[in-house]
Amino acid sequence: MRYSLEQRLNALGVVVFGVVAIQGFLLGGSAGAVAGLFVAGAAAYTVLLFSAPSRDDSGR
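Sequential numbering of the sequence shown, starting at 2, is according to our numbering.
Derived by calculation from the structure, the hints in this document are not laboratory data.
Everything numeric in this text was worked out from a predicted model, so none of it was measured.
Cβ atoms here follow ideal geometry from the backbone N, Cα and C, with glycine treated the same way.
One or more of the hints may lead you astray.
Said to hold, decoys possible - Label pairs and their in silico Cβ distance ranges:
hint, residue 1, residue 2, range
1, 50, 12, 16 to 26 Å
2, 12, 39, 14 to 24 Å
3, 32, 5, 16 to 26 Å
4, 23, 46, 16 to 26 Å
5, 31, 3, 36 to 46 Å
6, 5, 31, 27 to 37 Å
7, 3, 32, 38 to 48 Å
8, 4, 30, 16 to 26 Å
9, 11, 36, 14 to 24 Å
10, 33, 4, 29 to 39 Å
11, 51, 16, 11 to 21 Å
12, 47, 23, 13 to 23 Å
The task is simple: from the sequences and hints, build the whole structure.
Right under this line is the structure:
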């Protein structure tokens, strides 16, 4: 089964989100985890913004 680029990016984002949260928690406790989640969320939002225009030509 083949996955689209968008599905791969989503899966990668979830993995990165989890890793950043765990690292933040290990480094700075709950405050570090919250800060890490904000950073990961901002990164995921940026990726979504840049990948959004490419959805229009996906119906080839």
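Taking the hints in turn, this is what the structure says about them:
Between residue 50 and residue 12 the C-beta distance comes to about 18 Å, which sits within the given range of 16 to 26 Å. In this structure the supplied range 14 to 24 Å holds for residue 12 paired with residue 39, their Cβ-Cβ distance being about 21 Å. For residue 32 and residue 5, the Cβ-Cβ distance of about 37 Å falls outside the hinted range of 16 to 26 Å, so the restraint is violated. Taking 16 to 26 Å as the suggested C-beta distance range, the pair residue 23 and residue 46 conforms, at roughly 20 Å.
Checked against the hint of 36 to 46 Å, the C-beta distance between residue 31 and residue 3 comes to roughly 40 Å, which is consistent with it. Restraint check, residue 5 to residue 31: a C-beta distance of roughly 36 Å satisfies the suggested window 27 to 37 Å. Under the hint 38 to 48 Å, the C-beta atoms of residue 3 and residue 32, about 41 Å apart, fit the expected range. A hinted range of 16 to 26 Å for the beta carbons of residue 4 and residue 30 is inconsistent with their spacing of about 36 Å.
The hint said 14 to 24 Å for the Cβ distance between residue 11 and residue 36, and at roughly 23 Å that hint holds. Distance hint check: the CB atoms of residue 33 and residue 4 are about 32 Å apart, consistent with the given range 29 to 39 Å. A beta carbon spacing of about 19 Å between residue 51 and residue 16 agrees with the range 11 to 21 Å that was offered as a hint. The hint said 13 to 23 Å for the Cβ distance between residue 47 and residue 23, and at roughly 21 Å that hint holds.
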